[in-house]
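S.K.: If you read the protein sequences in the order shown, they are chains H and B.
Quick note: to get our numbering, add 46 to the position in the first sequence (first position is 1).
Quick note: to get our numbering, add 46 to the position in the second sequence (first position is 1).
I should point out that these hints are in silico values taken from the structure, not numbers from a laboratory.
Please read these numbers as outputs of a predicted model, since none were measured by experiment.
Errors might be hidden in some of the hints.
Which copy is meant is left open, so a pair is good if it fits within one copy or across any two.
[Claimed, not checked] Below, in silico cross-link-like pairs of lysine-lysine (DSS-like), each with a Cα-Cα straight-line distance of 27 Å or less:
(1) K445 / K307
(2) K351 / K451
(3) K255 / K426
(4) K633 / K666
(5) K351 / K669
(6) K63 / K506
(7) K585 / K669
(8) K351 / K666
(9) K351 / K617
(10) K249 / K482
There are 2 protein chains.
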Amino acid sequence: MEKNQNKLQDINLKNVKLNSGLLADKNKLVREVVIPYQWQALNDELSDAEPSHAIENFKIAAGKSQGEFHGMVFQDSDVAKWLEAVAYQLASNPDPELEKRADEVIDLVGEAQLEDGYLNTYFIVKEPKMKWKNLAECHELYCSGHFIEAAVAYYQATGKDKLLEIMEKNVDLIASKFGPEADKLKGYPGHQEIELALVKLFKLTGKNKYLTLAKYFIDQRGQEPFYFDQEWQARNEKNHWPDFNSNTAREYYQAHLPVRKQDKAVGHAVRALYMYSGIADLALETADESLLKTAYRLWENTTQKQMYITGGLGSTVHGEAFTIDYDLPNDTAYTETCAAVALIFFADRMHKIDQKSEYIDVLERALYNGALSGMSADGKRFFYVNPLEVKPEVDQARKDHQHVKITRQKWFGCACCPPNLARLLASIGSYIYSKKSASLYVNLYTANQAEFEMKGEKIKLVQQTNYPWTERISLEFANPKAVEFELNLRIPGWCKEFNLKIDNQTISDTQINEKGYLSLKKEWGQQKIELVLKMPVEKIYANPAVKEDINKVALQRGPIVYALEEIDNGKNLAAISLADSPELKSKFDQDLLDGVAVIESNALKLDQIDWQGGLYSVQKPVKQPIKIKAIPYYAWNNRGIGEMTVWLNQN
Amino acid sequence: MEKNQNKLQDINLKNVKLNSGLLADKNKLVREVVIPYQWQALNDELSDAEPSHAIENFKIAAGKSQGEFHGMVFQDSDVAKWLEAVAYQLASNPDPELEKRADEVIDLVGEAQLEDGYLNTYFIVKEPKMKWKNLAECHELYCSGHFIEAAVAYYQATGKDKLLEIMEKNVDLIASKFGPEADKLKGYPGHQEIELALVKLFKLTGKNKYLTLAKYFIDQRGQEPFYFDQEWQARNEKNHWPDFNSNTAREYYQAHLPVRKQDKAVGHAVRALYMYSGIADLALETADESLLKTAYRLWENTTQKQMYITGGLGSTVHGEAFTIDYDLPNDTAYTETCAAVALIFFADRMHKIDQKSEYIDVLERALYNGALSGMSADGKRFFYVNPLEVKPEVDQARKDHQHVKITRQKWFGCACCPPNLARLLASIGSYIYSKKSASLYVNLYTANQAEFEMKGEKIKLVQQTNYPWTERISLEFANPKAVEFELNLRIPGWCKEFNLKIDNQTISDTQINEKGYLSLKKEWGQQKIELVLKMPVEKIYANPAVKEDINKVALQRGPIVYALEEIDNGKNLAAISLADSPELKSKFDQDLLDGVAVIESNALKLDQIDWQGGLYSVQKPVKQPIKIKAIPYYAWNNRGIGEMTVWLNQN
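Please take these sequences and the hints and turn them into a complete structure.
M.R.: Right, dumping it as structure tokens:
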């Protein structure tokens, strides 16, 4: 791979207006509900929710308020993620009042920053002598990473560089503390994040020093002696978290092997995925072949061995972590919302390396299922954990299900997921298209209008569709001047049949290219393209190595994974089996869950009422025919508490 | 129920000699291997096993050795259980050397006992000021209970009353400390055990005061204010176990409700089952109707809602406890060996209340499956936890499977299970027959010869069978004088067809009575009875409310529950489905696992090798025909480490 090649770019958020449909609705919900709601949370104005204290921490650090630091050691990052989400919203929907509020927050962040560039309210307020002494547990670099991302986004949205200056100063401090030189620390973040943020900062500023620092953190990780042991001994074996054990933590931190030797996703899923995203970024920006191979290996293991059908990652609550290949229990899944969001980041970066539709398949899987499920329909309640099977009385009785909440929560003491989802959905417009020189990629289908340039000429493109509910997509160019380029329409992996018209002419000699796109090279001026992606209901089977899904099927239509809820199908969902030849019908229900396509089918259910066999019997339970209704997984638990399952027995 | 009615009695162990077969073999293994092995363990003579220190603790308490107390706070009970097992063995197999060793241990126990009768080496050696101040956590009454049981057994076996005197003195001290009188403590044991032991002591001595004390403990439990909170406050909120929380512990201790109001099995399974056994004992001995109803209710809930097919109890490691009705996960089951042993105790007592075959059905289920599985074929390794599904790589990777050991262990720091199994198997001869006035019950089928009295006349009875492997049982009376009585032959619940001959004459007009016994009233002198219990392989289905067993079957033949092991059936047992119409064949294999009947069948297995679908696919996995072999569950893990499952998919 050559350096400085023609790289794939997103279409800037400013140039894409979402019009209608599922993603536009969720984007609007973030703008109108989530961002204001989270602002209240950050300011402790929510009743019945755990107080955040995040803004107050900055006021105290800035000397504008008196008091103690409260909250998690990484509480600052909630402010950063809120600012980042605000930036994305301002890019597409200017809002002077919101911008003023964000400017004030940025001013406050600047006032909290120390003279030397240091920025972390926990250490400024509470433990000033412990700076950089507990990277393993205390998230200083992680928080900086989130503020860097916010600074880049805010600059791109508003042109204002105050936060950027704050963070460049902060990064200069970090670079003066960490590095290969003898007088610098040999550490790396306990929670990865800054690596990908530094690449963003490089891409914006062109300053190589940011790449150098990111690469240092990546290459330092996994070296022996184990840095987190060394710093632990250096601070007299004092821990921040009571049950932290640095001796057994190498895998948790993805520090069990040098990064370039890693080939399995291990440890804390969000940390892993942020790191993999950073690896992919660095591989692309530095044309580093060995990092590139690492990215491919870790992508393969993550998505082909350890991913739930919802795009959820992390099979265990213990360490919020990956376990082993094919270990994907549905009821005790951790599948943190943040991990699905992080998988989207990783997929997007892999797609920037190689424009294969399959990366966007994973991105869509995580987006429409395991990520969206994190937020209630009203945008005010959130799942941290997104299991694929819930039985409320069991989840409440069993301590090993304690992490499974049977309904979304208002806010969390550890509030990483809600703002993470907010920043993703606020920026979703940037995932729709990408381009490089004379190639335009249409990656996501959702109603929008976009204006941007190809070969220096203005392109106006209007996309109309009610995807993911309907099969029909229209793309209409209204370019002032016709421009020749390759238009690449993504054909999703789930789509086995499609058809295409251009200006009402059926194009029959279409061939998907080896990367899964329909590539149409011509002069594009005023044409209307109509693409139909056939969207039958599919029965999906898991690899037989996945014990929990054996003899089961999941229902999927388009990118949407379905689930059965008790409210539609009665109690004891596990007793339901799909009929041998089920008539699976989908229909759009405008009045249900803000408008979703539901799936109905004939099925069978073990008769529990007439069962006379006590606990065990030689009598085979009788199956009775029933009708079942499935709803999109992401929309479950919006109609009260009850059972839910994604995987259904086969008869 | 009337007091002092004609009660059911066991035939004394001294009068029953086991000859051959599974139970005789296990009994012999206890005598020849387990008891000497446990003696070594108690004396810290085992290499590679956690040291016990139990005998040393007594020596220190007796002033015969110097040092500190080591081990669990209930370490004494291992000595008591060993003595009890020794007593049972001495009853049927006199062994002067072993008896001398036991006498020496009893002498040592006597020397350790304090002047006032107090006996607990932990408190004598380590915390003399804390006696009776932490009943919740510290097992003083539990240890006394086990020594009482040992004392009764030792007296019955040897006629020696030294330990009995020690324990009567100890109980007098306890009775002076606990009771309704104003100056006495209002407590009750944290770990129940002494209740049933006190009833044994009453039955031996006829002294009502022991019943009174047992009843006091039962009735005090569950009263408000919660005694364990009170004593916790009284000792300045100091805990013995670091994570003990008395405020949330009511259910753990079965102290959430007054005992007579309890209707569900909750909390720590072994504590619960020991208490239920004590309730049944007291109900019978005191003709207490409300306690009797309590015993029936708790029996019903335990065995009809919360029991594994193996007779295992306790669905969760957290608190080693029951959870909720029908929550019976196979892979994370706790199903402690001690809980299966305790279920046998409870079943035996329910049978003493009402001579129904169904109580012995449960006793056999627990004995031949969930209890026997606790010990390796060589008698030197033990399972504490007996799950119904094991996949070694998952159990080792997942922290929520940490309690599942994939192979039996040499000894445990908390060594409750091995000696518990030893005392059960040492006394198994006493479970075969029971009698009352003119009725003799044959409860268990196993080769033995018994001599006892009916109506004052000598009865000689020889049972020949290779049960549970073969269907044929012969019972031959050789009574010096014919005696008229009702001979009740148990027809197990699993047995749908049987036939009977007396002196080679087929008896065709046999009818099982409403209690599940074949009742034959006649003069019994020199007859030979031949009973054939047809033993086809049965497919067993669980109640459809048991989520984990839906669309699954277990194989059972006679009282034996079967399991598939990887060594016979390859990896990924979960991918196997029993064929639609399986040809299930059983055959006895003398050379396998000390001689067991195996089950062979045709089955199907998902083809993992040829699967091309990655992690998820619309292609249905192909099933290939295979042959499977199942072995008795109790005998698994005697041929190396590998997967195991009891429940099999139906096709």
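S.K.: So, for every hint listed, does it hold in this structure?
M.R.: Consistency of the hints with the structure:
1. K445 / K307: For K445 and K307, the Cα distance is within 27 Å only across copies (25 Å; inside one copy 37 Å).
2. K351 / K451: This pair counts as both: shortest intra-copy Cα distance 26 Å, inter-copy 25 Å.
3. K255 / K426: neither (41 Å within a copy, 64 Å between copies)
4. K633 / K666: Cα proximity of K633 and K666: across copies only (25 Å, versus 35 Å in one copy).
5. K351 / K669: Between copies only: 21 Å across chains, 34 Å inside a chain, cut-off 27 Å.
6. K63 / K506: Answer is within: at 12 Å inside a copy they meet the 27 Å cutoff, but 96 Å across does not.
7. K585 / K669: both (21 Å within a copy, 17 Å between copies)
8. K351 / K666: Answer is between; shortest inter-copy Cα gap is 18 Å, intra-copy 35 Å.
9. K351 / K617: Classified as between: cross-chain Cα gap 18 Å, same-chain 32 Å, threshold 27 Å.
10. K249 / K482: Only inside one copy: K249 and K482 sit 15 Å apart there, 92 Å across copies, limit 27 Å.
Checked against the numbered hints given earlier, this structure breaks only hint 3.
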